[in-house]
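Undergrad: Protein chains in written order, with the numbering used here: chain A, 1 to 395; chain B, 1001 to 1094; chain C, 2001 to 2321.
To be clear, the hints were calculated from the coordinates, so they are not data collected in a lab. Each residue gets a CB set at the ideal place from its N, CA and C atoms; glycine is no exception. Hints should not be assumed to be uniformly reliable.
Computed cross-link-like contacts, EDC-like style, restricted to lysine to aspartate or glutamate with a CA-CA straight-line distance of at most 20 Å [claimed, not checked]: (1) Lys1025(B) - Asp219(A); (2) Lys2096(C) - Asp207(A); (3) Lys2172(C) - Asp2297(C); (4) Lys377(A) - Glu266(A); (5) Lys1007(B) - Glu230(A); (6) Lys2092(C) - Glu230(A); (7) Lys2006(C) - Glu1066(B); (8) Lys2010(C) - Glu1060(B); (9) Lys2010(C) - Asp207(A); (10) Lys2092(C) - Glu196(A); (11) Lys1094(B) - Asp1028(B); (12) Lys2092(C) - Asp187(A); (13) Lys2090(C) - Asp219(A); (14) Lys1085(B) - Glu1057(B); (15) Lys1068(B) - Asp1037(B); (16) Lys2090(C) - Asp205(A); (17) Lys2039(C) - Asp205(A); (18) Lys248(A) - Asp188(A); (19) Lys2092(C) - Asp205(A); (20) Lys2064(C) - Glu2098(C); (21) Lys2094(C) - Asp24(A); (22) Lys1085(B) - Glu2232(C); (23) Lys2039(C) - Glu1066(B); (24) Lys2096(C) - Glu196(A); (25) Lys349(A) - Glu363(A); (26) Lys2208(C) - Asp2297(C); (27) Lys1007(B) - Asp24(A); (28) Lys2039(C) - Glu1057(B).
Label pairs and their calculated CB-CB ranges [claimed, not checked]: (29) Asp2007(C) - Glu196(A): 37 to 47 Å; (30) Lys2182(C) - Trp1006(B): 40 to 50 Å; (31) Lys280(A) - Lys2182(C): 50 to 60 Å.
Non-contacting residues of chain A with respect to chain C, defined by C-beta distances greater than 10 Å in every case (computed) [what the hints assert, rightly or not]: (32) Asp187; (33) Lys191; (34) Gln228; (35) Asp240; (36) Met262; (37) Lys292; (38) Asn383; (39) Lys387.
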Amino acid sequence: MNNKLIIKPLTGAAAVSEAMRQIDPDVVAAYPITPQTDIVMKFSQFVNDGKVTTEFVPVESEHSAMSACVGASAAGARAMTATASAGLALMWEILYIAASNRLPIVMPVVNRALSAPINIHCDHSDTMGARDSGWIQIYCESAQEAYDNVIAAMRIAEHEKIMLPVMVCQDGFITSHAMERVDILEDDKVKQFVGELNLPFPLLDTDNPVTYGPLDLFDYYFEHKRQQSEAISHVFEVTDKIYNEFEKISGRKYNRVETYEMEDAETAIVALNSTIGTAKDVVDTLRQKGEKVGLLFPRMFRPFPAEEIAEILARLSAVAVLDRSETFSGTGGPMLADIKSALYEKENKPVILNYIYGLGGREINPAHIEQVFSDLKEVQKGNEVEKLTYLGVRE
Amino acid sequence: MSEKGWKDLAAGGKITEPGNAAQYKTGDWRTFIPDVDREKCINCLFCYLYCPDMAIEVKEDSTLGEIKLDYCKGCGICSSVCPVKCIEMKKEEK
Amino acid sequence: MKLNIKDLPKIPERLGPGHRLCSGCGAPIVAKMVLMGTKDPVVVTNATGCLEVATTIFPYTAWKTPFIHSAFENSASTAAGVEAAYQSLKRKGKVKEEVKILAIGGDGGTYDIGLQALSGALERGHDFVYLCYDNGAYMNTGIQRSGATPRGSSTTTSPAGEAVPGKQQFPKDLTAICAAHKVPYVAQGAISNWKDLITKASKAFAVKGPAVLNVLSPCPPGWKHADDLAVEISEIAVNSKIWPLYEIENGQWKITYRPRENKIRPVEDWIKMQGRFRHLSRKENHHIIDEIQQWADENWDRLEKMEKATSNQGDSEEKQK
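Start from the sequences, fold in the hints, and give me the full structure.
TA: Here it is in structure tokens:
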């Protein structure tokens, strides 16, 4: 297949709106919130310039954005929205309803801290809080990844075995507002890739009336939840298949779990999104010095690829889990809990350090990453190191 | 209806059989039963119009049809709106 | 349109039997009458509440028309999504027929928790009808006071107590709030006046853009009246002017039913029919009945004034410019 190379200078937000333009969903319902605004503004321009056929619903809140997506998707439309932070929090109730009604809505999320105090910058407290809502969560390091994964997510969401909504997350400002070179696919290729939508049981098939959202009591609710778990159990196989197909049209290969220099690594950092980019540079530098360090990026965080991650990490001597949000459980960040439980069944387990970092957009720079690797080295030497560190906070 | 397992249910709690609540009989809630004097009935159809339980049928010729006792909860609205008082609510013998 | 009761059974029945609403409930009567306002297929969205819960107890649905319940506060925004899907898919030729969209909510889901979603949907101009069946409290959760609960009413969160005799506030004026959005059609109705109500529903479905119907919905356990009184109690509400019947069509206010002199009743007659006002018969609470009467009279006067002021709507709009 011939790939026409289209390179555009785009921010993460613009890249996502470009993907949305090419997907050309039937309905987009959205509400502005920093730093997601650039997605919605650019998409609105596409709507008003006649570049898409989408019915755009400029709702009065995120609660209504997700509600309108639920209505549109149940009606038989391909529906999308985008949000961040408080907007995602306001959607909370309806996130569960979208997933439970098995509606394949795709939502780019620009990660931002939750109030209070109010803060517009990046951390992952918004999507981490929504991790158990039944949505699939995909995390992205760059604008390119955000663009590609929004397109791939549409297919994952709509797969007949899945029929679940997907969040595609990128870091607020760091990715959403930084310009990168993004390799854009041809419009037709995206159109062909996402294909025509034929959702089962649309409300607008008025000859076959369906009731959505009934009262489900102790006699059936559990069965419907069990169905959701079943759908989740198929996500990995479907994602692999769709990532393979996506590679064929783009030349870019994605994995549920991304690794960097892990083949012979003895210690590693686990992190999400843009921090992976920063950490790659540090790994390169340390590798040049002969240190066997690597990175692991759980691109798919829900469902959590526990077995695969455990397989990779179990042979290491020490691992640092970097959490860009706090659970306030008193035991560390949200990713730490998942990584630890993934490793529980393994006979050989690495020592695991947890770092809470970057809250409210606090900078994470190469020096921080170097410190983490140096801590891991201390562990290797058998020295005592703090198990939980607030990285970059002033004492 | 026997209770189906999760593999046999439509995904997401959808009910794909419209109006299947008709299989659920609410008639046994009833204490009072409507007794219609069809001789007196003028077929005004107010009872049909006001029945909250959709339990009153209208025939093809627009006259009062059957009162579906499977659904009638015995509220007595039909009796209260009848302009010729031809529906009497009687204590039902069970 | 001349409305003949004999034509109504020919309109497809969208809400069927076997639902589990209480005996004598007003809500299914409201819903069925409003749905008699169109012969086109209707997609219904319904806020959490009595009507929704009792008509869709899995695995049963009483609905014979496409139906979605999402949450309590989002019937209007869910309908907005359905409408957007309809516009989009119709434009693309994927949906061919004319489909109507009806969003339903109780007073709790409309006056209170769903007001923002309703306001947004009205402002954006979606082509849909919003129906509020107003039974004046959160009946589904056990009769708690709402923004629609009448003054003096005893509810489980505004109980008639030794110190406070029921709800202190008057209800908010939802119909006027909706009219303030300048949507093409807003009306208040009651099941007692069935021709008036079904005609209003027909108008609401026929207009392009948003329409709102606010319909009184008697509730035997909440209002504490006998099971057979839903229609009579509606009639006395209308004739006592505590629930006037009127419409606002393209900005023009019109009282659609004026009780004749011999039909007008004091609000006290309406109040006395309902156990939720029982405590008002006590001497020390009698002033509340007087206040409710005054409130109803003033409201009626205001409607008369609005009717007069907007009777030549075109002219007055010209003048404003």
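Undergrad: Now look at each hint and say whether the structure bears it out.
TA: Taking the hints in turn, this is what the structure says about them:
no.	hint	verdict
1	Lys1025(B) - Asp219(A)	19 Å, holds
2	Lys2096(C) - Asp207(A)	12 Å, holds
3	Lys2172(C) - Asp2297(C)	16 Å, holds
4	Lys377(A) - Glu266(A)	9 Å, holds
5	Lys1007(B) - Glu230(A)	9 Å, holds
6	Lys2092(C) - Glu230(A)	34 Å, violated
7	Lys2006(C) - Glu1066(B)	16 Å, holds
8	Lys2010(C) - Glu1060(B)	9 Å, holds
9	Lys2010(C) - Asp207(A)	17 Å, holds
10	Lys2092(C) - Glu196(A)	12 Å, holds
11	Lys1094(B) - Asp1028(B)	10 Å, holds
12	Lys2092(C) - Asp187(A)	19 Å, holds
13	Lys2090(C) - Asp219(A)	39 Å, violated
14	Lys1085(B) - Glu1057(B)	18 Å, holds
15	Lys1068(B) - Asp1037(B)	16 Å, holds
16	Lys2090(C) - Asp205(A)	12 Å, holds
17	Lys2039(C) - Asp205(A)	16 Å, holds
18	Lys248(A) - Asp188(A)	15 Å, holds
19	Lys2092(C) - Asp205(A)	15 Å, holds
20	Lys2064(C) - Glu2098(C)	17 Å, holds
21	Lys2094(C) - Asp24(A)	15 Å, holds
22	Lys1085(B) - Glu2232(C)	15 Å, holds
23	Lys2039(C) - Glu1066(B)	24 Å, violated
24	Lys2096(C) - Glu196(A)	17 Å, holds
25	Lys349(A) - Glu363(A)	31 Å, violated
26	Lys2208(C) - Asp2297(C)	34 Å, violated
27	Lys1007(B) - Asp24(A)	34 Å, violated
28	Lys2039(C) - Glu1057(B)	19 Å, holds
29	Asp2007(C) - Glu196(A): 37 to 47 Å	41 Å, holds
30	Lys2182(C) - Trp1006(B): 40 to 50 Å	49 Å, holds
31	Lys280(A) - Lys2182(C): 50 to 60 Å	57 Å, holds
32	Asp187	17 Å, holds
33	Lys191	13 Å, holds
34	Gln228	15 Å, holds
35	Asp240	31 Å, holds
36	Met262	44 Å, holds
37	Lys292	52 Å, holds
38	Asn383	53 Å, holds
39	Lys387	41 Å, holds
Comparing the model with each earlier hint shows violations of hints 6, 13, 23, 25, 26, 27; every other hint is respected.
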